[in-house]
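Trainee: Starting from the given sequences, assemble the full structure and let the hints guide the process.
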Amino acid sequence: GESVGLHLPTLSVQEGDNSIINCAYSNSASDYFIWYKQESGKGPQFIIDIRSNMDKRQGQRVTVLLNKTVKHLSLQIAATQPGDSAVYFCAELYGQNFVFGPGTRLSVLP
Amino acid sequence: EADIYQTPRYLVIGTGKKITLECSQTMGHDKMYWYQQDPGMELHLIHYSYGVNSTEKGDLSSESTVSRIRTEHFPLTLESARPSHTSQYLCASSDYTTKTGSYEQYFGPGTRLTVT
Numbered sequence: 464g465e466s467v468g469l470h471l472p473t474l475s476v477q478e479g480d481n482s483i484i485n486c487a488y489s490n491s492a493s494d495y496f497i498w499y500k501q502e503s504g505k506g507p508q509f510i511i512d513i514r515s516n517m518d519k520r521q522g523q524r525v526t527v528l529l530n531k532t533v534k535h536l537s538l539q540i541a542a543t544q545p546g547d548s549a550v551y552f553c554a555e556l557y558g559q560n561f562v563f564g565p566g567t568r569l570s571v572l573p
Numbered sequence: 003e004a005d006i007y008q009t010p011r012y013l014v015i016g017t018g019k020k021i022t023l024e025c026s027q028t029m030g031h032d033k034m035y036w037y038q039q040d041p042g043m044e045l046h047l048i049h050y051s052y053g054v055n056s057t058e059k060g061d062l063s064s065e066s067t068v069s070r071i072r073t074e075h076f077p078l079t080l081e082s083a084r085p086s087h088t089s090q091y092l093c094a095s096s097d098y099t100t101k102t103g104s105y106e107q108y109f110g111p112g113t114r115l116t117v118t
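Chains as they are written, first to last, in my numbering: chain A, 464 to 573; chain B, 3 to 118.
Bear in mind the hints are in silico, worked out from the structure with no lab data behind them. Fair warning: this is a prediction, and the values are worked out from it, not measured in the lab. Hints may be right or wrong, so weigh each one.
[What the hints assert, rightly or not] Across the chosen pairs, the derived CB separations fall in these ranges:
1. B:S86 with A:N490: 27 to 33 Å
2. B:R72 with A:G479: 45 to 51 Å
3. A:S515 with B:D97: 17 to 23 Å
4. B:D5 with A:S503: 19 to 25 Å
[What the hints assert, rightly or not] Which residues of chain B face chain A? A few of them, derived with a C-beta cut under 7 Å, are:
5. P41
6. E44
7. L47
8. P77
9. P85
10. L92
11. S104
12. F109
13. P111
14. L115
By construction, the Cβ of each residue, glycine as well, lies at the ideal position given by its N, Cα and C atoms.
Mentor: Next comes the structure, spelled out in C-alpha cells:
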C-alpha cells in the first residue's frame, strides 16, 4: 500500500543550529502534506502544511520544501531551540485520510 | 489550543475486561479518527468517521469498535482487552478550511492503555 517514510529515526543538533528533517513519500498523486510535532505525552501538533502546487512554504522559524520529482519532503527549523526537541512526523493526504511516516526524534544539545 | 479531549489519559486493566476510551471535540468537525501509536513510532489509523452514523475501519486491523451517534463524540470500545492491545490511542478530528486551503487536524492528548 501507499506509505510515507522518514530517512532518519534520530537527529541531534546543537542549540542555535538549523535542523533539517527529511521525509520520502511514495504516492506521486498526493497533493497535500503536513508536518506534525509530537512532544512526550502529548498528541501530534500541526506545524505547517504544503500543497503539491508549491515547492516551498515558510512559517515562523520553519520552512517546508517539497520536491515532487523525487517525492521528497523536508522540514527546516531555523535556530533550533530546546523546546524544539520532539518527534516530528510527516503525513500525506491519501484519499481522504492521512498516512503518517515513522517519525524522527529531534534532540537539541545545549 | 485544540478543543479535543480524551479520557482516561492512562488506564491499566486486566485481560478480558471491556473498556471504552472516550473522545470528544467541541469544534463541530465532521471527520474524526482513532489512531494507534507505539512509543516513538508512526500512527496507524484504526477507525474513522465522516459524520454522524458513519464509521469505517482504517488501515490497521483492530478488534475495537466505534460509534458516532453525536457529532462531538467518538468513543472506541474494546470488548475483551488483551496484552497485545497495550499501546497509545490517539483521537483526532479534522475539517477543511476553504479560507486557508488547509485541513485542520487536531489531536487529543491520547490514552495510554496497558493490559496486564
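Trainee: Going by Cβ atoms only, is S104 (chain B) closer than 7 Å to chain A?
Mentor: Constraint on S104 (chain B) satisfied, holds at 6 Å.
Trainee: Checking hints one by one. Is P77 (chain B) an interface residue toward chain A, by the C-beta closer than 7 Å rule?
Mentor: This interface hint is violated because 17 Å lies over the 7 Å limit.
Trainee: Given P85 (chain B) as an interface hint, is its Cβ closer than 7 Å to any Cβ of chain A?
Mentor: violated (22 Å)
Trainee: Once the shortest beta carbon distance from F109 (chain B) to chain A is found, is it less than 7 Å?
Mentor: Holds - the Cβ of F109 (chain B) comes within 7 Å of chain A, reaching about 3 Å at its closest.
Trainee: Let's test the interface hint: is any C-beta of chain A closer than 7 Å to that of P111 (chain B)?
Mentor: Cβ of P111 (chain B) sits 5 Å from chain A, so the hint holds.
Trainee: Measuring from beta carbon to beta carbon, are D5 (chain B) and S503 (chain A) in 19 to 25 Å?
Mentor: With Cβ atoms ~22 Å apart, the hint holds.
Trainee: Double-check P41 (chain B) for me: the hint is only fine if its C-beta lies closer than 7 Å to a C-beta in chain A.
Mentor: violated (9 Å)
Trainee: Going by Cβ atoms only, is L115 (chain B) closer than 7 Å to chain A?
Mentor: violated (14 Å)
Trainee: For the restraint on E44 (chain B), tell me whether the closest CB of chain A is nearer than 7 Å.
Mentor: Cβ of E44 (chain B) sits 4 Å from chain A, so the hint holds.
Trainee: Verify the CB-CB distance for S515 (chain A) and D97 (chain B) against the hinted window 17 to 23 Å.
Mentor: holds (21 Å)
Trainee: Is 27 to 33 Å respected by the C-beta to C-beta distance linking S86 (chain B) and N490 (chain A)?
Mentor: Since the Cβ atoms of S86 (chain B) and N490 (chain A) sit about 29 Å apart, the hinted range of 27 to 33 Å holds.
Trainee: Identify whether the interface hint at L47 (chain B) stands, where standing means a beta carbon of chain A within less than 7 Å of its own.
Mentor: Because about 6 Å separates L47 (chain B) from the closest Cβ in chain A, which is inside the 7 Å limit, the hint holds.
Figure legend: structure checked against the earlier numbered hints; hints not met, in rising order: 5, 8, 9, 14.
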